[in-house]
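Single-letter residue listing:
Protein chains: 2
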Amino acid sequence: MKDVNGMIIPTWDDVIEAHDRVCPHIHRTPVLTSSYLNALTGAQLFFKCENFQKAGAFKVRGASNAVFGLSDEMAKNGVATHSSGNHALSLAYAAGRRGIPCHVVMPRTAPQAKKDAVKGYGGIVTECEPSTTSREEYFARVQEETGADFVHPYNDPRVIAGQATCSRELLEQMEQDHGGGLDAVIAPIGGGGMISGTCLTLSTIAPDVRIYAAEPDQADDAARSFRAGHIIADDAPETVADGLKVPLKELTWHFVKTHVTDILTASDQEIIDAMRLTWQRMKIVMESSSAVPLAVILRNPEVFAGKRVGVVITGGNVDLGKLPWMQH
Amino acid sequence: MKDVNGMIIPTWDDVIEAHDRVCPHIHRTPVLTSSYLNALTGAQLFFKCENFQKAGAFKVRGASNAVFGLSDEMAKNGVATHSSGNHALSLAYAAGRRGIPCHVVMPRTAPQAKKDAVKGYGGIVTECEPSTTSREEYFARVQEETGADFVHPYNDPRVIAGQATCSRELLEQMEQDHGGGLDAVIAPIGGGGMISGTCLTLSTIAPDVRIYAAEPDQADDAARSFRAGHIIADDAPETVADGLKVPLKELTWHFVKTHVTDILTASDQEIIDAMRLTWQRMKIVMESSSAVPLAVILRNPEVFAGKRVGVVITGGNVDLGKLPWMQH
Chain Z
1097 MKDVNGMIIP TWDDVIEAHD RVCPHIHRTP VLTSSYLNAL TGAQLFFKCE NFQKAGAFKV
1157 RGASNAVFGL SDEMAKNGVA THSSGNHALS LAYAAGRRGI PCHVVMPRTA PQAKKDAVKG
1217 YGGIVTECEP STTSREEYFA RVQEETGADF VHPYNDPRVI AGQATCSREL LEQMEQDHGG
1277 GLDAVIAPIG GGGMISGTCL TLSTIAPDVR IYAAEPDQAD DAARSFRAGH IIADDAPETV
1337 ADGLKVPLKE LTWHFVKTHV TDILTASDQE IIDAMRLTWQ RMKIVMESSS AVPLAVILRN
1397 PEVFAGKRVG VVITGGNVDL GKLPWMQH
Chain W
1097 MKDVNGMIIP TWDDVIEAHD RVCPHIHRTP VLTSSYLNAL TGAQLFFKCE NFQKAGAFKV
1157 RGASNAVFGL SDEMAKNGVA THSSGNHALS LAYAAGRRGI PCHVVMPRTA PQAKKDAVKG
1217 YGGIVTECEP STTSREEYFA RVQEETGADF VHPYNDPRVI AGQATCSREL LEQMEQDHGG
1277 GLDAVIAPIG GGGMISGTCL TLSTIAPDVR IYAAEPDQAD DAARSFRAGH IIADDAPETV
1337 ADGLKVPLKE LTWHFVKTHV TDILTASDQE IIDAMRLTWQ RMKIVMESSS AVPLAVILRN
1397 PEVFAGKRVG VVITGGNVDL GKLPWMQH
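So the protein lines, in turn, are chains Z and W.
In this text, residue positions in the first sequence follow the working numbering: the first is 1097, and each later residue adds one.
In this text, residue positions in the second sequence follow the working numbering: the first is 1097, and each later residue adds one.
Heads up, a few of these hints could be off.
If chains are identical, the list can't say which one is meant, so a pair holds when it fits in one copy or spans any two.
As a list, the in silico DSS-like pairs of lysine-lysine whose alpha-carbon atoms are at most 30 angstroms apart [as the list claims (entries may be wrong)]: (1) K1210 x K1418; (2) K1172 x K1403; (3) K1172 x K1353; (4) K1172 x K1210.
These are computed hints drawn from the structure, not numbers from a lab.
Since the structure is predicted, the reported quantities are computational estimates derived from the model, not experimental observations.
One chain only, chain Z, in its complex shape (with noise of 0.2 angstroms):
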């Protein structure tokens, strides 16, 4: 970790030292490919699959570093976020996994499924109502009550130091079994925690590699921060892509101001044939929020056309009851 002006900010050894506290807990999930999509788009990708990841998404690289980074002193209080997506389901399993308590204040109106889910791996739910205001509310008791550590889903250098080994096992697995490295890489981008990470590692050991972001026309937050030089926040952005509602935050703006090449999006009904192109051609379950990257290439077909592109799938976390296709 590095000070700057009292940011603190990970830097490449963090990342190897993540990568080596996560190991035994995580999956070194494979790259797929798709001769199908590549002659659809022109491209050649690489699709790195965390939607076959612990818990069904990379955010379980993230916040088991910062579980399995606590001493004994700290972890016995446990952990604590505010989430109802898969940073909490993933904390829930490291902190499982460490045996540790881990708190997570979820909205009652969340789906059941998702707190049932949080519980399915031993994670303590504390529901608030539906607003900012009554979620930092309880938040705050439960931190106060329980001494638990905070491990925030994406703006803490832990996580984003976690997230960062993705990219790494990537270009690992691009050498070992493609034949060689990519000309870009492209992730989704919500908070900016996976393209933070992708920067970090990218930037320090293949800085020739380009980084996209992909992100829902409907909730394009980064996109305009990104052309505006500094943080614009939504309020209450709605799209299908529901992992990629919340906005950056200083760290993760650290990253994609630095060392991103572009963000780019796509339409919430491109978002939706792309995921399920990719289900009936690749046979994988992804996410909606994973699709953004798949669509975006095919709007832009001549930024990616000859490329070799890895394409991170961030999970796979799907109401099977309630596919977006189905409401269309």
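With the hints as your guide, set chain W onto chain Z.
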């Protein structure tokens, strides 16, 4: 091949030859595991993922062996079959790779998506009425007009030798990546092509491995044949596992009666539940027919507990707009 009382039976030499022949045209599909499903069943399950196979199913192994085994003289008239499922798709794929015609007779009532998929691989579709008489009439006419070589979906020694390459790969992958052999293999049974290939391979190179066939309760003709000691064919059975409705024929019956340990069945609801569970936990798209083995394992835990079990996931060609749990 050996001639036993007029029946041409494939031998181990045919499997080795088939494997060399089909290798350039198929994927060496991965073997996946799930700690969740292991805990749930008490067994160690190794899923051979033919849903990731070319054309989306194991059938491409047998179809490619038939197509690429033809002499140039024979090949020029192309191949023909009657099927509205994965065999038609696979034969069209293989014929396309060799650049020869593939004629498929399909009932006009078959889903448009299936006709389109065959045409997408360059297959020539002839529509018949949805009756056996009409199908045979149209098929005879196509054969007469084209001189195409008939490749039966399963009752063909070339096809069985091709399917046998799947369990050969599985055993190799077990030794290489999963620390040793298997106690049992389980695969779905419809006409018995996959099971016959599995019997041929295992009885030759791993004769101690038990072979289980998995069948829907509602199309349990193979299970009843097995107990009766002769082929029983059902008239138009109805089951969600629609790839498994066809009856055994003399060549597959030969392998089933000689080498299969048992044929176990599961209800349609159990099949749907196993299918959904696999999608949810393993994040892979597989057909309802491919879920029958897991459904059978969950119904008969005492048979499989504590065992190392290879599970053949036969295919991943699913109508994503019409999932079976959406209709229940």
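Structure-based check of all given hints:
In this assembly of identical chains, the alpha carbons of K1210 and K1418 lie at most 30 angstroms apart whether taken from the same copy (14 angstroms) or from different copies (25 angstroms). In the homo-oligomer, the alpha carbons of K1172 and K1403 never lie at most 30 angstroms apart, since the shortest distance is 48 angstroms inside one protomer and 38 angstroms across protomers. Taking CA atoms no more than 30 angstroms apart as the test, K1172 paired with K1353 passes in neither setting, with 37 angstroms inside one copy and 60 angstroms between copies. When the C-alpha separation of K1172 and K1210 is checked against a cutoff of 30 angstroms, the pair qualifies only within one copy, where the shortest distance is 25 angstroms, while the shortest distance between copies is 58 angstroms.
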